[in-house]
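Enquirer: So the protein lines, in turn, are chains A and B.
With the working numbering as the guide, the letters of the first sequence map in order to residues 23 to 444.
With the working numbering as the guide, the letters of the second sequence map in order to residues 23 to 444.
Among the hints, erroneous ones may be present.
[Unchecked claim] Examples of chain B residues toward chain A, derived with CB under 7 Å:
1. Ile134
2. Ser389
3. His419
4. Phe434
5. Gly440
6. Ile442
Since the hints were made in silico from the structure, they are not lab data.
Remember, it's a predicted structure, so these values are computed and weren't measured experimentally.
Note that CB positions come from ideal geometry on N, CA and C, so glycine has one too.
Protein chains: 2
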Amino acid sequence: MTGSMELGERVRALTRRARDSSRALAAAGSAQKNLALEAIAASLEAHSARLVEANARDLERARAAGTSAAMLDRLTLDAKRVRDIAAAVREVVALPDPVGEVTGMWRRPNGILVGRMRIPLGVIGIVYEARPNVTIDAAVLCFKAGNAVVLKGGSDAIESNLALAEVAREAIAAAGLPADVVQLLPFTDRAAVQHLLEAEDDIDVIIPRGGEALIRFVAQHSRIPVIKHYKGVCHVFVDASADVTMARDIVINGKVQRPSVCNSVETVLVHSECAPTMVPVLTAALVAQGVEVRGCPRTRALAPEVRAATEADWPAEFLDLVVAMKVVDGLDDAMAHIERYGSMHTESIVTKDYASAQRFLREVGSSCVMVNASTRFADGNQLGLGAEIGISTTKLHAFGPMGLEELTTRKFIVYGEGQIRG
Amino acid sequence: MTGSMELGERVRALTRRARDSSRALAAAGSAQKNLALEAIAASLEAHSARLVEANARDLERARAAGTSAAMLDRLTLDAKRVRDIAAAVREVVALPDPVGEVTGMWRRPNGILVGRMRIPLGVIGIVYEARPNVTIDAAVLCFKAGNAVVLKGGSDAIESNLALAEVAREAIAAAGLPADVVQLLPFTDRAAVQHLLEAEDDIDVIIPRGGEALIRFVAQHSRIPVIKHYKGVCHVFVDASADVTMARDIVINGKVQRPSVCNSVETVLVHSECAPTMVPVLTAALVAQGVEVRGCPRTRALAPEVRAATEADWPAEFLDLVVAMKVVDGLDDAMAHIERYGSMHTESIVTKDYASAQRFLREVGSSCVMVNASTRFADGNQLGLGAEIGISTTKLHAFGPMGLEELTTRKFIVYGEGQIRG
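Same shape as in the complex, but just chain A (with noise of 0.2 Å):
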């Protein structure tokens, strides 16, 4: 136990450097923080050797350990990632700064304008896995945002997040600002995971960004609030007024242009109408594109070589070139459908009716509801939020893709002229 409480004091000195130097940030101004962005993608420019060296010893530990080959891909840092990082960073520089904006006024009857202000949330907990890329990423968007960041990444990548972090700490001291605004955790130990996760007073939000498992563990641990991002389990719902190569091509590229995402398709809900016509299509195009379909009895009526859908396919996030997919009999058989088996991430309904359309938007629950559109476009560049620190699937704070504006929180601000309470 002894271990363990100098390893949870470690921690604690870590997370409350972080606390105590995020009020000058919170009070840096736009200029101030993007000369620093600016100097963070220079230097890691700069430092390119320094960081693909740290990068070989992680590698050759992964190696030694038998790591597998796509594995090993996603650890590693070359000179040309290291430049994409650092291209990453300068998109960030040219984001539009939410701290300070006054999102609107109000004069009360008494005479007191009232608003408010969007401020930092504070200081931020990223918990992540193996992509060193993420160190970066994450740590400027919550820099940009006003925030402080303590970060934990995976133990496969300590020597390359340790360098990475130290040349954003260089930069940010460089631009006078406290570099104690980013720490990231030199411990590979799990138990460093919850000791952060109960630093409390020093961090107001822990974000993960990992596979399910990690979420969970994070989720079940953590006296601070987290913001979950579980599982996509996206649907295509294709009314009977759908324009058949509309539909085919949305469900293709839904499914096929990167599959292992959350927001790429999992289940087809065909309306029974256009089921005749659209079942076959849909079916020959996703088997030409090497899709395993598995469907409803009333799928596999309209195409034989389908193989049969369990119960346990519905709420499955495949993640691979496997689709679900099921005749329905019409909008409220598909909501329902989206309901029961969803995840709340993403669904799109391909349609020419106004009014389906319309009760598509307003009734499902799912934090991206689209119209005859990809469900790929759920994601926080393509629906133009410049940037994005996760995705959230529950709905307090955030829900769906999460930018700059959802690292921050707002205060109320009074101008007064004397007014006290009768």
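Using the hints, position chain B against chain A.
Expert: Just chain B now, kept in the frame of chain A:
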């Protein structure tokens, strides 16, 4: 353990009914919701005698248990108080419905039109203490914002609360919406709260309303996100340039108008440059109103009758006719004191200086920051939110007074014309 298991199942059955019925309420339009609210108000008045009778049983039990006169008063429902509750419901009818509002739309380069639409949070759990009026106040605010609610009131008021909830449920059913959107847990056992806090599948957010002990209990035991309202240690900073009369009026109003509430003033900070004039005026005015002043050594040098403040007085929430007073060396010193001892609730500066006012508004991180106005305006009604479900002293989701808007979240909506991702 069997008894507790059984209780858990009974709690879960009720939370599940709230969840199941919440979808129909989320889809209901403003007109239908307002009809139901009108019906609740009318029904409360029509069943006034039944409510007062149920309350009499609570009062009898409380009297037998030796409850204090003040607590008995808080618990009491009479015909006048029932009319007041009904009037408050009618005020909620008049408020704009936040659900369905699209807060902004923008077109992306590929032509998709992206917007954000307000939707209900879903199901809200409210855990509260003595006053039975909270049963209706909280239920109707949640209802107006399209949320089902699960209420757990104090055991003292169980008969009153059950009768109030039953009247609301009948009226909602009569208006054609599911009665199950209002659930009141009919259990006085504390374990029922614990079971409620574990119903993470059915409840989206918990709002505790009561003292710090209740809030800490809820925060510690909840698996569901909690919106916390800890204490209000509010400050008035009297700047060097402050008008003496305005400073006196704002300090007196903040301390005396209603000392028992969270937005009353607990500490007055006085700029050293104006302290020789200001401290004697403020202390004399406070003492004349029966307030006990506890001062720092510099305060006492200027007002020798003042009792010495101890370290424990600076972070204290007196909630009584007691105030701490400290002479500070200017704006930075005042803001450092607020940062160290405050509770991020509400702070006000009294000043004639433009730059001091702007810096205070920008740099103080509390949920309400005011210039030349009484801290007593930190209240949803006073700030113009129309109503208040609570005040959040933490930053996630909501910070400061929470109105109807804070009982909603936003989803993304996308209007496309067949766009797919390249």
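Enquirer: Would you pick out the hints that fail for this structure and give their numbers low to high?
Expert: none
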